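Student: Note that the protein sequences, when read in sequence, are chains A and B. Quick note: the first sequence, position 196, residue 195 per numbering that gives the first Met the number 0, numbers continuous. Quick note: the second sequence, position 444, residue 443 per numbering that gives the first Met the number 0, numbers continuous.
Do not take every clue at face value.
For lysine to aspartate or glutamate, the following DMTMM-like pairs were computed, each having C-alpha atoms within a straight-line distance of at most 25 Å [said to hold, decoys possible]:
(1) 201(A) x 321(B)
(2) 424(B) x 85(A)
(3) 101(A) x 246(B)
(4) 101(A) x 314(B)
(5) 197(A) x 181(A)
(6) 17(A) x 321(B)
(7) 424(B) x 86(A)
(8) 197(A) x 262(B)
(9) 201(A) x 314(B)
(10) 101(A) x 290(B)
(11) 1(A) x 42(A)
(12) 101(A) x 304(B)
(13) 424(B) x 181(A)
(14) 357(B) x 155(A)
(15) 323(B) x 86(A)
(16) 197(A) x 366(B)
(17) 101(A) x 274(B)
(18) 157(A) x 269(B)
(19) 323(B) x 205(A)
(20) 17(A) x 262(B)
(21) 357(B) x 192(A)
(22) 424(B) x 83(A)
(23) 157(A) x 321(B)
(24) 323(B) x 155(A)
(25) 17(A) x 37(B)
(26) 197(A) x 37(B)
(27) 323(B) x 434(B)
(28) 141(A) x 314(B)
(29) 17(A) x 269(B)
(30) 357(B) x 181(A)
(31) 197(A) x 107(A)
(32) 111(B) x 37(B)
(33) 197(A) x 314(B)
(34) 101(A) x 57(B)
(35) 424(B) x 269(B)
(36) 17(A) x 274(B)
(37) 101(A) x 292(B)
(38) 323(B) x 192(A)
Hints listed in this document are in silico derivations from the structure and should not be mistaken for laboratory results. What you are looking at is a predicted structure, and each value in this text was computed from that prediction instead of being measured.
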Amino acid sequence: MKILLVEDNERVSQFVVKGLQEAGHTMDHADNGRDGMFLAASEPYDVIIMDRMLPGEIDGLAIIEVLRKAGKRTPILILSALSEVDERIRGLRSGGDDYLTKPFAFGELLARLDALHRRAQGVNHEIPLTVGDLHMDPLTRKVTRGDRPILLQPREFKLLEYLMRHAGQVVTRTMLLENVWDYHFDPQTNVVDVHISKLRQKIDAEFERPLLRTVRNAGYTVTAAD
Amino acid sequence: MMRSSALSLALGYVALGITALVLFAAPLWYAWQVTIQDGRVEILQVDAQRLAEVFHRDGADGVRSFIDARVRMQIAGERILLLTDASLRPLSGNLPAWPSALPTTPGDYKIKIQLGERGMQTALMHVATLGSYNLLVGRDNSLFAPLQTRFWYGLTAALAVLSIAALLIGLITRRALMSRIHSIRQTVSAIIHGDLKHRLPTHLNDDELNTLSRTINGMLDQIEQLVHGVRNVSNSIAHDLRTPLAELRSRLEELALIRPPPEATYAEIDGAVADVDRVIRIFDALLRLAEIDAGLRRSGFVPLDAADLAANAVEFYAPAAELKNINLTFRSEGPLSVAGDPVLLAQALTNLIDNALKYAPQNGMIEVAVRKRADGAAEISVTDNGPGIADSEKCKVMGRFYRGDSSRGTPGVGLGLSLAQAVAKLHGSTIELSDHSPGLRVIFAIAVDSVVGADSMPRVVPSQQSAASAATLAAPLPFS
Numbered sequence: 000m001k002i003l004l005v006e007d008n009e010r011v012s013q014f015v016v017k018g019l020q021e022a023g024h025t026m027d028h029a030d031n032g033r034d035g036m037f038l039a040a041s042e043p044y045d046v047i048i049m050d051r052m053l054p055g056e057i058d059g060l061a062i063i064e065v066l067r068k069a070g071k072r073t074p075i076l077i078l079s080a081l082s083e084v085d086e087r088i089r090g091l092r093s094g095g096d097d098y099l100t101k102p103f104a105f106g107e108l109l110a111r112l113d114a115l116h117r118r119a120q121g122v123n124h125e126i127p128l129t130v131g132d133l134h135m136d137p138l139t140r141k142v143t144r145g146d147r148p149i150l151l152q153p154r155e156f157k158l159l160e161y162l163m164r165h166a167g168q169v170v171t172r173t174m175l176l177e178n179v180w181d182y183h184f185d186p187q188t189n190v191v192d193v194h195i196s197k198l199r200q201k202i203d204a205e206f207e208r209p210l211l212r213t214v215r216n217a218g219y220t221v222t223a224a225d
Numbered sequence: 000m001m002r003s004s005a006l007s008l009a010l011g012y013v014a015l016g017i018t019a020l021v022l023f024a025a026p027l028w029y030a031w032q033v034t035i036q037d038g039r040v041e042i043l044q045v046d047a048q049r050l051a052e053v054f055h056r057d058g059a060d061g062v063r064s065f066i067d068a069r070v071r072m073q074i075a076g077e078r079i080l081l082l083t084d085a086s087l088r089p090l091s092g093n094l095p096a097w098p099s100a101l102p103t104t105p106g107d108y109k110i111k112i113q114l115g116e117r118g119m120q121t122a123l124m125h126v127a128t129l130g131s132y133n134l135l136v137g138r139d140n141s142l143f144a145p146l147q148t149r150f151w152y153g154l155t156a157a158l159a160v161l162s163i164a165a166l167l168i169g170l171i172t173r174r175a176l177m178s179r180i181h182s183i184r185q186t187v188s189a190i191i192h193g194d195l196k197h198r199l200p201t202h203l204n205d206d207e208l209n210t211l212s213r214t215i216n217g218m219l220d221q222i223e224q225l226v227h228g229v230r231n232v233s234n235s236i237a238h239d240l241r242t243p244l245a246e247l248r249s250r251l252e253e254l255a256l257i258r259p260p261p262e263a264t265y266a267e268i269d270g271a272v273a274d275v276d277r278v279i280r281i282f283d284a285l286l287r288l289a290e291i292d293a294g295l296r297r298s299g300f301v302p303l304d305a306a307d308l309a310a311n312a313v314e315f316y317a318p319a320a321e322l323k324n325i326n327l328t329f330r331s332e333g334p335l336s337v338a339g340d341p342v343l344l345a346q347a348l349t350n351l352i353d354n355a356l357k358y359a360p361q362n363g364m365i366e367v368a369v370r371k372r373a374d375g376a377a378e379i380s381v382t383d384n385g386p387g388i389a390d391s392e393k394c395k396v397m398g399r400f401y402r403g404d405s406s407r408g409t410p411g412v413g414l415g416l417s418l419a420q421a422v423a424k425l426h427g428s429t430i431e432l433s434d435h436s437p438g439l440r441v442i443f444a445i446a447v448d449s450v451v452g453a454d455s456m457p458r459v460v461p462s463q464q465s466a467a468s469a470a471t472l473a474a475p476l477p478f479s
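Bound conformation, chain A alone (with noise of 0.2 Å):
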């Protein structure tokens, strides 16, 4: 992917920059308000991490804005400090795609950016979804693995489906309570660790090859690969 980070402080943009060059991306990097707008609007990006609070007399919310006017669809991660519900509602309202409040885990950041990328490809609801032996018809809501039917409740339905259509890539917690169960708040225990254990005893436990993993301090992923 091709992004393009909007941040003035050294330290995160540091941070960020070379985290996702090592993930694979390629970077670009302004600092204040003014070159953030200038590369927006003149650059092909495949996402947009936008800092809210930026030197240079533009601030992250109004470039979000011209660049949406513009006719600039490309997906734009808000990053910032500011955590109210208000202010993220107003950061969405502006045009931004998501929202992650400082200070964050990589992962995190890692994980909603490539979620960006592939809602932006667009997204088949209709398409049977296959991760090595497992498939699955959002039509027709049926799963089975190898040629074994494997029964699921609605919302495990739901957990596997968000899990498939991001097949490869990691999902966080935060992910999941907010896409599966629409729980935009942190629910003290890890919760969502259960499901995704009971969800492994129906689609791993009686197969040699397990498809749904955890990656350690990020989230889960379901892959087939090795």
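The hints should help you fit chain B onto chain A, whose structure is shown.
Tutor: Relative to chain A, chain B alone:
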């Protein structure tokens, strides 16, 4: 001297008293003067009339003897009588000569004459002509002088007494008022300097100042309670943040000192990141609480189904309950519409179930029930059969960061119940804790006024409101 309202009030009263006294005395004085004047003139006319009658009956000699008799009989010279011939030579009477200033034509005159040593200052004269004789009748006014003097003295004395009394009362009131105000000022300055324990002095009587003092004392109680609360919270924050920060610090310092092999270093760094995450979690929870407390989130109110909300929360925790072999059940009477913030209500409810899961024993039970109360409020209750909470601790558990002794060592930051409490408050209600021997029942009510259809609900323009709620639901809210 400081301008004192008591003194100005006293001076005002003095002025008012004087005005009242003058308004009372002036007409009296006028009426008195007029009455005396008229009476005197009448008497003199009667006298002159009688002398004229004597003259007509007995001639000049008769008048002379009449006057002589009168003068002789008269001890005090109140009456003035004088008969002269045409050339104003005195014939009879108690005046040695015709006063030079007095004309001989008949009429009323008011002139000053000197009579012997008595020094008669004022006299009222009536002059009549009897044939060629001149007659003068008069009256000595100096008799009335002491009366007048007494009147003036009396008036002056009354004014003086009034002024002095009013001034004294003013000064005494001022003194009393100043001493009370002084004590209030001392108390208040003690409070300003940070000692919130002081209270304004109050008395048994219920005057205005006392009522004010009581009101202010009530306010001070409230402030002290708040400050105390804030102090407690900041102490708890300090404690709960210090612990992971201390761990983090020692971890990093140890790394710097010992410089262990890379593998061990990486493990330590992972631990350090986990410590930081713990701090961030506490921090986020606190910010969220502050946000809810500030009441900012009422804008996020939308109509929602309380039963559905609770059913989802129960479903969310079902595998976790299964893991502990706890029988988690849900009971409802069907959909129940309320107005509320779906994100916050869900968070509060998951906190309550989370708590119940922590405290319910292995193989225990938890029941989540939704029902409509008689007063129309929606009631969500979470009941467990854990150890419960002693009555003495029920109040404390609502406090921020409070965790029962039995819960030390279980995960969580101790803000679950206070968050639920804050959310309940935002929805116009409170959390109730009741015994479910054994166990605890937490009752979370959503008040009538936030049930859909009530007009007290803050309304945004409909389209905007639904946009806001959609955005709330669509907004990813990462917390880890």
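Student: Each of the hints needs a verdict: does it hold here or not?
Tutor: Against the structure, the hints come out as follows:
{"no.": "1", "hint": "201(A) x 321(B)", "in the structure": "15 Å, holds"}
{"no.": "2", "hint": "424(B) x 85(A)", "in the structure": "19 Å, holds"}
{"no.": "3", "hint": "101(A) x 246(B)", "in the structure": "22 Å, holds"}
{"no.": "4", "hint": "101(A) x 314(B)", "in the structure": "31 Å, violated"}
{"no.": "5", "hint": "197(A) x 181(A)", "in the structure": "19 Å, holds"}
{"no.": "6", "hint": "17(A) x 321(B)", "in the structure": "43 Å, violated"}
{"no.": "7", "hint": "424(B) x 86(A)", "in the structure": "22 Å, holds"}
{"no.": "8", "hint": "197(A) x 262(B)", "in the structure": "32 Å, violated"}
{"no.": "9", "hint": "201(A) x 314(B)", "in the structure": "18 Å, holds"}
{"no.": "10", "hint": "101(A) x 290(B)", "in the structure": "17 Å, holds"}
{"no.": "11", "hint": "1(A) x 42(A)", "in the structure": "10 Å, holds"}
{"no.": "12", "hint": "101(A) x 304(B)", "in the structure": "33 Å, violated"}
{"no.": "13", "hint": "424(B) x 181(A)", "in the structure": "23 Å, holds"}
{"no.": "14", "hint": "357(B) x 155(A)", "in the structure": "24 Å, holds"}
{"no.": "15", "hint": "323(B) x 86(A)", "in the structure": "39 Å, violated"}
{"no.": "16", "hint": "197(A) x 366(B)", "in the structure": "22 Å, holds"}
{"no.": "17", "hint": "101(A) x 274(B)", "in the structure": "16 Å, holds"}
{"no.": "18", "hint": "157(A) x 269(B)", "in the structure": "31 Å, violated"}
{"no.": "19", "hint": "323(B) x 205(A)", "in the structure": "24 Å, holds"}
{"no.": "20", "hint": "17(A) x 262(B)", "in the structure": "22 Å, holds"}
{"no.": "21", "hint": "357(B) x 192(A)", "in the structure": "16 Å, holds"}
{"no.": "22", "hint": "424(B) x 83(A)", "in the structure": "19 Å, holds"}
{"no.": "23", "hint": "157(A) x 321(B)", "in the structure": "20 Å, holds"}
{"no.": "24", "hint": "323(B) x 155(A)", "in the structure": "20 Å, holds"}
{"no.": "25", "hint": "17(A) x 37(B)", "in the structure": "122 Å, violated"}
{"no.": "26", "hint": "197(A) x 37(B)", "in the structure": "124 Å, violated"}
{"no.": "27", "hint": "323(B) x 434(B)", "in the structure": "23 Å, holds"}
{"no.": "28", "hint": "141(A) x 314(B)", "in the structure": "21 Å, holds"}
{"no.": "29", "hint": "17(A) x 269(B)", "in the structure": "19 Å, holds"}
{"no.": "30", "hint": "357(B) x 181(A)", "in the structure": "23 Å, holds"}
{"no.": "31", "hint": "197(A) x 107(A)", "in the structure": "23 Å, holds"}
{"no.": "32", "hint": "111(B) x 37(B)", "in the structure": "19 Å, holds"}
{"no.": "33", "hint": "197(A) x 314(B)", "in the structure": "13 Å, holds"}
{"no.": "34", "hint": "101(A) x 57(B)", "in the structure": "136 Å, violated"}
{"no.": "35", "hint": "424(B) x 269(B)", "in the structure": "39 Å, violated"}
{"no.": "36", "hint": "17(A) x 274(B)", "in the structure": "23 Å, holds"}
{"no.": "37", "hint": "101(A) x 292(B)", "in the structure": "22 Å, holds"}
{"no.": "38", "hint": "323(B) x 192(A)", "in the structure": "14 Å, holds"}
Figure legend: structure checked against the earlier numbered hints; hints not met, in rising order: 4, 6, 8, 12, 15, 18, 25, 26, 34 and 35.
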